[in-house]
Structures are given as C-alpha cells and as structure tokens.
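Chains A and B, in that order, give the protein sequences.
Under this note's numbering, read the first sequence as residues 1 to 328, first letter to last.
Under this note's numbering, read the second sequence as residues 1001 to 1285, first letter to last.
Keep in mind the hints are simulated off the structure, nothing from the lab.
Heads up, the beta-carbon is just placed ideally off N, CA and C, and yes, glycines get one too.
Hints may be right or wrong, so weigh each one.
[What the hints assert, rightly or not] Pulled a few chain B residues facing chain A out of the computed Cβ check, cut under 8 Å: (1) Glu1089; (2) Ile1145; (3) Thr1221; (4) Tyr1259; (5) Tyr1262; (6) Ser1267; (7) Pro1277.
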Amino acid sequence: MKSYLDLALLGIVLALVPALAGESPYYMRIATVALVMMSWTVAFNLVFAHTKQLFLCLGALAGTAAYVSVVLTRQWQLAPWITVPIGVAAAAGLGALFSYVSVLRGLGVIFIGIVTLAFSLIFHNLVLGLRELTNGETGLVSHGLGLAFLERPVAAYYVFFALLAAALAVYCVLMRSRSGMAFRALSDDELTASLSGIDVTRYKVLAAAVGSAILGAGGALYGFYNGIVSPSVFSFVGVDIPVLIALVLGGMRTRLGPLLGAAAFAVIEELVRPFGQLNVLVYGVLLIVVFLAFREGMVPALARVFAAIGASRGTRARDAASRPAREA
Amino acid sequence: MTAILLDGIVQGLQLSLLAVGITLIYGLGGVLNLAHGQFAVVGGVAAAILVSAGVHPLAAAAGGIACAGLLGWLVDRTLLVPAYRYHGEDRLLLGLILTLGLSFVIDGALNYKFPEFSLTFRLPLAMVEVGGIPMRTASLAASAIAIAVFAGLFAFLRFTLLGKTIRSIIENEAGAELCGIDPGRTRTLIVILAAMMAGIAGVTQGLFSSLGTEMGPEFTTLGLLVAVVGGVRSVNGTLAAGVLLGIVNAFASHYVGAYVAYILLLSAAMATILVRPAGLLARFT
C-alpha cells in the first residue's frame, strides 16, 4: 500500500496559504498562478515524462480551451458552465489527435516536438488573424461573464486548489491502475512494451488526452480568472518553457515533482521580476542548467537525502533506501 | 505577377541560406539547432556595430559573418559537448532543449543590450529593370550572394575530400568512423560553416530590408520550416524548399494576407512531417 502522506501534508500546506496571505491580493495572485502552473506541470508530467511525447504546444492547448470558452460565452451568451467543458473537450481532442497521428506515423520525440511547435505558431497566428472573434493582440475581456467567484482572490484560490487536487487524483488513479504499469513499461522501451502485449497507441493517446484536458481546464479557468485572454497570456515563453523547467527541476515521473518544481519556479520568477527584460535570458539559463546539471530533479534528490538520514539512524533504512528507485 | 514571383525568389534564397545550416547541423551532428536564427541576428548585429564604429561596410559584413562563425564554434565546443555524449534520440532531445535555452539567452541578452535596434546598410538604392520589372539592386545583390554561397557549398561537398567525408558522415556516422574519419572535428567545422551561413543571411537581410534584435525566433521558425519541408538531411532539398516556400509565401501574403500565409507555411511543414518525414523534396538529391 502506497502512502499518500506526502500529498496530504502538501495539500494542508497549500490549503493554509490564504490564511497567511489572504490580506494581500498581490501574494494571492502569485499563489494562484503557482497552482495553475502546478496543474499544468502535472499534465505535462503525464504526457512528456511518462509517455515520452514532447508536446511543445502547452500554451496553445490551454489557450485553445480559454479562447473557445470565452468566445462562445461572449458570442452566444452561453453560460460558462457549458462553454468551459466545451473548451476542455476541444483541448483534449486536439491533444489526442496529435498523439494518435504521431503514433500512427511513428514520429520520434523530436518530430512530435516540431509538429506541436508548428501548432503553437498556428494557434498564435490564428488568434492574431481572426481579429473579429479574438480582438487580436489586445485580447478579450473575460470578466463579468458569469464566473463572479473567480474575481474574489480567496475563492479563486480554492477553485484552482480543487482543480489541482482533481488533476492529482486523476494522475494517482491512472498510475495505480493498469495504465500506470503500461506507462512505466513504454517509457522504458516502447518496442518491448508492445511485444509484451501493451497497446502502446491506446495508452499514449490516453495520456495525451487526459493531460490536454487538464491543460485545457487550467487554461479555461485561468482565462476567466485573469480577466483578459490574449495571445501573450498563453505564449510559448509564458507557459511551455516555465512548465518544462518546473517539471525537470521537480523531477520527472514523480508524483510530487511537478508541485515542488512549479513552486520553486514561482519563487525564482519573483526573484527575477525586478530585472524586467532579462527574464527571457534567465529562462534560457535555467533551461540549460536544469537539463545539464539537474536532470534527476528535486524529488529523487530529496528522497536520497532522507534515505541517508534514515540509514544513519538505522531505522526504516531498508524502506527508505528502496524508495528512490521505486519513485524514479 | 512577375514582381511577386521575383520577390518570392529573393526571399526564398534568404530562407534557404538560413535553413541549410539547420539541415547540415542536423544531418551531421544529430542536433536540431533551435538557436539558428539567433546566429543570423548576432551576425547582423555585429556587422551593424562595426559599421557604426566607422568600419567600411564590406569589412563590417565580413566581421559580422566571422562573429557568427565564432559563436558557432563556441557553442559546439562548450554547450553541445554534453549532447554529443549521447546518441540517437537522447542526443536530439538534449540538443533541442539546450539550443532552445541558448536561443532565449541570446534573445534576452540582445533585447536587453540593444532595444529598439535595427540594422540597415544605407547603400545608394539604385533600381534596375529585370524582365521589365524594376528591382532594387540590394535585393539582387542579396540573391547573388546567396547563389554564390550555395554554388560554393555544392562544389565543396562534391569535389573536395573534406566535402566527401562530410557526406559520408551524413550517410553513416559509424561507417565513416571506421574509415578513419573523426566525426567530432568535422562536426565542429560544419557548425562553424552553418553559423557563418546564418551570419551571411543576417547581414544580407540588412542589405535589402531591416534587421532587428527581436527577429531571431522568426528566423529560426522560418529556417526550421524550410529545413523540414526540404528534408532535414538533404541540402539540395533545402535549397529547393526555400525557394518554393518563398514564392508560396510571397503570393499568399499578397492575396490572402500575412497571417494566412504564415499559417499555410506552418501547415505545409506539419503535413510534410506527417506524410513524408524524409522531406517533400528529398527525392531530388
């Protein structure tokens, strides 16, 4: 029986954040954005780390869901309760389509990257080109469209907290079921996995669809929370790169890694905010450093530290030492 | 009509010049260079700085190209060394991420250091008639340079021993190594060469229009699209794809607008990968 104590502890800490920062809208916003980033990183963990599909269209998928729901809400006066699921379904459908086509054509990780990067750019140009629907670079105002609770900082925080909890629950259920075993097998060796009777196509498409749905749900709700949806909100530099850094920083193929990585990234982002223009440079340096020197991630490294402490005390040594191997 | 066609060819040759470097580095080094457009921008910016320091434009252009080459050498000898330790898919993935990071570093540094920068060589712009169409001499010069570079590259690859070793490594790296070829040294040479060609594209861009520090991502994307459509291992295919996409882009921009034109190019690249991953025009090699 796997223990969920770590997740529960982290959940309590996250749930208490508004009690500490509830007075300051500024800190509440940082915390809320960090929650969105955490759920996106959980999704990317599923798609990239577990099933080896390099989706470089995270911002575009989240943006698709956001634009679909905001445009539908504005154009046809539909309730967000209807349009948000439509947006999420659109993102999930697109993600599943990319995954299915790339498995069908036997694309390597690089070519999935190029195809999805091309989609990112198509999305960006479509948004700029369809000016009557999307209002181009300026973006659409999404406040006052029926999701009033997202305009109160603390309420919004708990909405995204619930979203993250849901994403993690889906992730844990998937990883404990047959599909979790299939993910582990196919991330080791796809050919061997398919030879031992695992339907590789099915599980890759499943991971991509679930991941894209989480990305879309985060994107659509974030669109309403943010008050404005514009191309820059869902840009490649604004979503894909931070998520990539957060995932590798936290630890790929771990349950806690995406949460710790995204939290660490939020802190780093606050630290470089005063330097303004230079943040792109900092992202670049982080990307390089993280992939060269820190590929293993925080969670496995921390697990080893705890294992070492446990071993020196002589208690639970065996259990702790076997942990990193199992988690990784 | 003819004016658009000529304009497309001029643009297309520039695209080919950018893309051929991506093709060569991918074919030979197994790294998809996502910082290639930034190499071009660095070359152009260096040339502009030299011009403003009072250097003769020709010498400044040479200096800019040399600067791009130097950057290529530096990247190959430092940043990409960890990637070269891996093989196949792992090397591709790490190389992709590292060059993506590099592109952000260069973009960030240039935008910080030289905001609002733009490079134009203020040469006397004489107009000449080509087939009844008035053309700027600068565009013609840029195309002539591109054609000369390609002719030189083809001659180099076909007739020199070094060119033959390069082609042999593209065919089969292990086989070439067994014949006593050192892939590492040839790779460094190719990265320098590719970066210098990107530098030429950056400088000539300043010759017939303007070059800004923010243009790196756009150059990278366009070069990547051309390389993908041409077949990421085929030099001839890249040249043909560049001219073809340049013409398509010119006509599409004229008739349906720039956004749709760009979407068309992107869709062409996507379709190529899905239908014929070796490249649409790879047959012509």
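Results for each hint:
1. Contact between Glu1089/B and chain A, as hinted, is supported at the beta carbon level, the nearest pair being about 6 Å apart and thus within 8 Å.
2. At its closest, the beta carbon of Ile1145/B sits 28 Å from a beta carbon of chain A; the interface hint therefore is violated under the 8 Å criterion.
3. Checking Thr1221/B against chain A by beta carbon gives a least distance of about 6 Å; that is within 8 Å, so the hint holds.
4. With its C-beta approaching chain A no nearer than about 3 Å, Tyr1259/B sits inside the 8 Å limit, and its interface hint holds.
5. Taking 8 Å as the C-beta cut-off, the interface hint given for Tyr1262/B holds, the closest approach to chain A being about 5 Å.
6. For Ser1267/B, the shortest C-beta to C-beta distance to chain A is roughly 7 Å, which falls under 8 Å, so the interface hint holds.
7. A hinted interface residue such as Pro1277/B counts as satisfied when its beta carbon comes closer than 8 Å to some beta carbon of chain A; here the least separation is about 6 Å, so the hint holds.
In the structure shown, a violation is registered for the earlier hint numbered 2 alone.
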